[in-house]
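Novice: Residue numbers (the working numbering), protein chains in the order written: chain A, 125 to 599; chain B, 49 to 510.
If you are wondering where the hints come from, they were derived from the structure by calculation, not from laboratory data.
Fair warning: there could be bad hints in the mix.
What the hints assert, rightly or not - Distance condition first, Cα-Cα at most 25 Å in a straight line; then the derived BS3-like pairs of lysine-lysine:
id: 1; chain 1: A; residue 1: K329; chain 2: A; residue 2: K173
id: 2; chain 1: A; residue 1: K390; chain 2: B; residue 2: K276
id: 3; chain 1: B; residue 1: K87; chain 2: A; residue 2: K570
id: 4; chain 1: A; residue 1: K390; chain 2: A; residue 2: K173
id: 5; chain 1: B; residue 1: K87; chain 2: A; residue 2: K390
id: 6; chain 1: B; residue 1: K276; chain 2: B; residue 2: K262
id: 7; chain 1: B; residue 1: K87; chain 2: B; residue 2: K276
id: 8; chain 1: B; residue 1: K53; chain 2: B; residue 2: K276
id: 9; chain 1: A; residue 1: K173; chain 2: B; residue 2: K379
Being a predicted model, the structure only gives us computed values, none of them experimental.
As a plain string of letters, each chain reads:
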Amino acid sequence: MSPLPPLPVDASILQRMLDRMLPAAADDGDIYLQRMCSESLALEEGRVKHVAASTHQGLAARVVRGEASGHACTDSLDTAALMDTARAARAIVDDSNHPQIARLHAHKTKATLYPAEHPALDMDFGARRACLAAIDTLARGLDTRVCQVFASLNVSHSEVFIARMDGALLHDVRPLVRLNVSVVVEQDGRRETGSFGGGGRQTLKQLLDTGAAERFTREAVRLALLNLEAREAPAGTMPVVLGPGWPGILLHEAVGHGLEGDFNRKGTSVFARRIGERIAAPGVTVVDDGAIPGRRGSLTIDDEGTPTGRTVLIEDGILIGYLLDRQNARLLGMQPTGNGRRESYAHPVLPRMTNTFMLAGSESPEAIVQSLQRGIYAVNFGGGQVDITSGKFVFTTSEAYYVEQGRIQYPVKGATLIGSGHEVLRKISMIGNDLALDPGVGTCGKAGQSVPVGVGLPTVRVDELIVGGTEVGGA
Amino acid sequence: MHTPKEHAIMAVELAMRLGADAADAVSIDDQETNVTARKGRIEAIEQQRQHGVGLRVFVETRHGPAFATASTSDLSEAGLRTLAEQTLAMARISEPDPDAIPPVGAEHPSADALRAWRARHPLADNPWTMEQAREAALACEAHALAYDSRITNSEGAHAAFGTTRTGYAASDGFAAGDARASVSLSISLVAGSGDAMQRDHAWHQAASQESLRKPEALAEEAAERALKRLGATEMASGRYPVVFEPRVASSLLGHLLGAINGRAVLQQRSFLAESLHRRIFPEMVHIIDDPDHAQGLGNRLFDGEGTRCRRCTLVEHGELRTFLVDRYAAKRLHLPALGHARRGLTGDISVGTSNLICQPGNRTPEAIIGDIERGLLVTELIGFGVNPVTGDYSRGAAGFLIEQGQIRRPVQGITIAGNLATMFAELAELGNDLTWFGTSAVPTIALKHMTVAGQTRSGNDA
Chain A
125 MSPLPPLPVD ASILQRMLDR MLPAAADDGD IYLQRMCSES LALEEGRVKH VAASTHQGLA
185 ARVVRGEASG HACTDSLDTA ALMDTARAAR AIVDDSNHPQ IARLHAHKTK ATLYPAEHPA
245 LDMDFGARRA CLAAIDTLAR GLDTRVCQVF ASLNVSHSEV FIARMDGALL HDVRPLVRLN
305 VSVVVEQDGR RETGSFGGGG RQTLKQLLDT GAAERFTREA VRLALLNLEA REAPAGTMPV
365 VLGPGWPGIL LHEAVGHGLE GDFNRKGTSV FARRIGERIA APGVTVVDDG AIPGRRGSLT
425 IDDEGTPTGR TVLIEDGILI GYLLDRQNAR LLGMQPTGNG RRESYAHPVL PRMTNTFMLA
485 GSESPEAIVQ SLQRGIYAVN FGGGQVDITS GKFVFTTSEA YYVEQGRIQY PVKGATLIGS
545 GHEVLRKISM IGNDLALDPG VGTCGKAGQS VPVGVGLPTV RVDELIVGGT EVGGA
Chain B
49 MHTPKEHAIM AVELAMRLGA DAADAVSIDD QETNVTARKG RIEAIEQQRQ HGVGLRVFVE
109 TRHGPAFATA STSDLSEAGL RTLAEQTLAM ARISEPDPDA IPPVGAEHPS ADALRAWRAR
169 HPLADNPWTM EQAREAALAC EAHALAYDSR ITNSEGAHAA FGTTRTGYAA SDGFAAGDAR
229 ASVSLSISLV AGSGDAMQRD HAWHQAASQE SLRKPEALAE EAAERALKRL GATEMASGRY
289 PVVFEPRVAS SLLGHLLGAI NGRAVLQQRS FLAESLHRRI FPEMVHIIDD PDHAQGLGNR
349 LFDGEGTRCR RCTLVEHGEL RTFLVDRYAA KRLHLPALGH ARRGLTGDIS VGTSNLICQP
409 GNRTPEAIIG DIERGLLVTE LIGFGVNPVT GDYSRGAAGF LIEQGQIRRP VQGITIAGNL
469 ATMFAELAEL GNDLTWFGTS AVPTIALKHM TVAGQTRSGN DA
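Sequences are here, hints too, so could you generate the full structure?
Specialist: In structure tokens form, the structure reads like this:
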């Protein structure tokens, strides 16, 4: 048996909590202990005006029986507060029998997917400030129309300990870094903006050594200048070609949320009870993979201690899997997939996505764009949202072009695209050979909780989507 | 146990003793309980207690003040000392900003004003017991499931209650505390089955149990909303008058607040950056921010910088009267600070309103709809397609097709698009149905027209 990692709370207290909070009738239960620190620097108007840091720790206790769960959390780690927390979580199960809980023991996980050290270890505040200042200088030097530059560097470091009902104690240390650049440009009284960002579970130095600062800055300026040329987008039904990478948000909204275990166990998702049915065109294979090293959506173990892996959701157009946490997996008679996630100790576990993407096809991206007689080629997007019950989902373009006769005509303003999750993947008629994952910008919201996620897509052609521009009757 | 006000004072004193030139701190102690009932049983009980202190430290340099912010959940004396040391060290390496405003000399409320406020707004305790919350959630869900046989499923009823205590202290000697209780009940229901499923919800939040809507009333609202959406299809693309019911109209006010945020104005990130004292709405539009309102849940005496909150008019006769500013933006934009600074534990100061009220019009929503030959009533919006710099607007929508002044049928899977500057300027009418949503009150808002994207071919819905 390997020794326990150093804990912020004495292991004997955790043992006492487990002993007291888990009656015989409980199906599952755990303690989640978390220590997080984050630091951010933000530049605006040529100066680093915001320097902020936070250090928070807390503990959550959970008791599960059938469909019911009791959850309590505290950020006071004194023994009295911890025992109160165990008692509060226990209140969901009415049973006074307490079995013997196994002794807490360290549970070895697979090799970690990211470095354990503090992500800003090699870059003190001075170095980070210099990086932001260089971005400001570069952006303003790229074009005289650049009138505002915003840049921010965020690093966070979260250490979690999970003590399970079977006595297993799991440990994970999660870094997360993010660089964002945004500019405002002005020409003849018209103002536009462009943004670019990225990062992942890596050190700041690893991110910046890839040349991210310069690349993101050039992209932000290019997008802002492009927007100065953008014309009104068309309104109505038309074919849409999605570029590789972040446009994978289509999958996240159209099918990802609808395949989360809780909605399917409750029967409120449009995909409930459809395992084995065709929900996408042949050739469409969609996976969720939390085990890619260093990605923003990756986790060595999920927030219940389950190792992450590659879960195939749709194989060659057929629905074959859901995203499952332990409770929903048990209720559905399936295995957990390593998708039990929580924003922090103060939030309950929910089945969530990690990195969700479509596998590559064989078409060349050029041929796919050239196939458009009249439609939209959307290269980049802002956010999206879905109603998992009706299946209606939206996502909004941030770089898109009007295409006629297979040729790009002009950039169009940001427009929301809307479709039905259970129909859109059937309308995919071409899949590119250029699968790419996004640069590391995604944050997914569900039930008031935000978690970092990734998406990916090869270039694809969707034969029909509604484009929410302002120009009725064609461009 | 110390109060949040005492924690804030301790953090400020530690920072000053360590060598800060000025400092202020906020402290929060939040207790919340959530109970979920689903399919007739209690499915989840969540109890959380969270606390923390956020500290802002200023040091004077030859080039002006430099500052940093930091927060911690460790409220022990050692924890607060570490926080003070860390924040001070960060402030010393921050870049000075000649316009930065140390937390000294804000227009604080007087001791008399604080006492009078406390007398009228006594420190509230938990407005519900666990038992009451369980009963309310169970009653709400049971009533909804029994309401109509076409209600096929439930995502559950949620009853929540809690108390948030806050404290603020500044190095100029001002310190004060506040506490507010809140109770809420919500339910989300599914009507129909398979591809035809529709979901809708109802939600209400109040400061006390007495003013909370009854579980049965909420259940009926959610059920009616879900049932009315059954059979929704698209509609033909075109330019139509668009009516926003209050619960979605409030999002238009949200976009206004984003655009008149003083920081966004300074950064040229707002389509209203040059619109101060200009007419941005038609004459009949009046929008006020009232920090002391009997129905509002956003009442406050002072803001995140200790500045006394004042009732203020944001839009009068359609004209933009002020931007929302903290003391920093106030100084740079030459506007008075009226108490709009907002502050969380972490990060910098932002701005916000207390109780935002868009004054209602004279006619009922039915009368407004009655004048529309062909248009759209919007009851739900999804997505984030709003560009704050240009005002360009494109969002997913669901609602009802209006024909010959009547609600004809439910629609979904469409988008509405336009530009906020034009949408505001061409606002057609406000309803008389002022509706409160916690900290804002909004009536039905009718716009002259927006572009609706749906079917390209004109379908059979003519």
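Novice: Keeping to a limit of 25 Å between CA atoms, is the pair of A:K173 and B:K379 held or broken?
Specialist: holds (16 Å)
Novice: For the pair we were handed, A:K390 and A:K173, check the Cα-Cα distance against 25 Å.
Specialist: violated (48 Å)
Novice: Do the alpha carbons of B:K53 and B:K276 lie within 25 Å of each other, as the hint requires?
Specialist: The hint is violated at about 49 Å.
Novice: CA of B:K87 to CA of A:K390, is that 25 Å or under?
Specialist: Between B:K87 and A:K390 the Cα gap is close to 10 Å, so the pair holds against 25 Å.
Novice: Given the hint that A:K329 pairs with A:K173, does the C-alpha gap stay at or below 25 Å?
Specialist: At roughly 22 Å apart (the allowed maximum being 25 Å), A:K173 and A:K329 satisfy the hint.
Novice: Regarding the pair A:K390 and B:K276, is the alpha-carbon distance no greater than 25 Å?
Specialist: Holds: A:K390 and B:K276 sit about 22 Å apart, inside 25 Å.
Novice: Just to be careful, I want the Cα atoms of B:K87 and B:K276 compared with a cutoff of 25 Å; is the pair within it?
Specialist: Holds, because 22 Å separates the two Cα atoms, which is no more than 25 Å.
Novice: Hey, B:K87 versus A:K570, does the alpha-carbon distance stay inside 25 Å?
Specialist: holds (22 Å)
Novice: Can you confirm whether the C-alpha distance between B:K276 and B:K262 stays at or below 25 Å?
Specialist: holds (22 Å)
The structure does not agree with the numbered hints 4, 8 stated previously, though it agrees with the rest.
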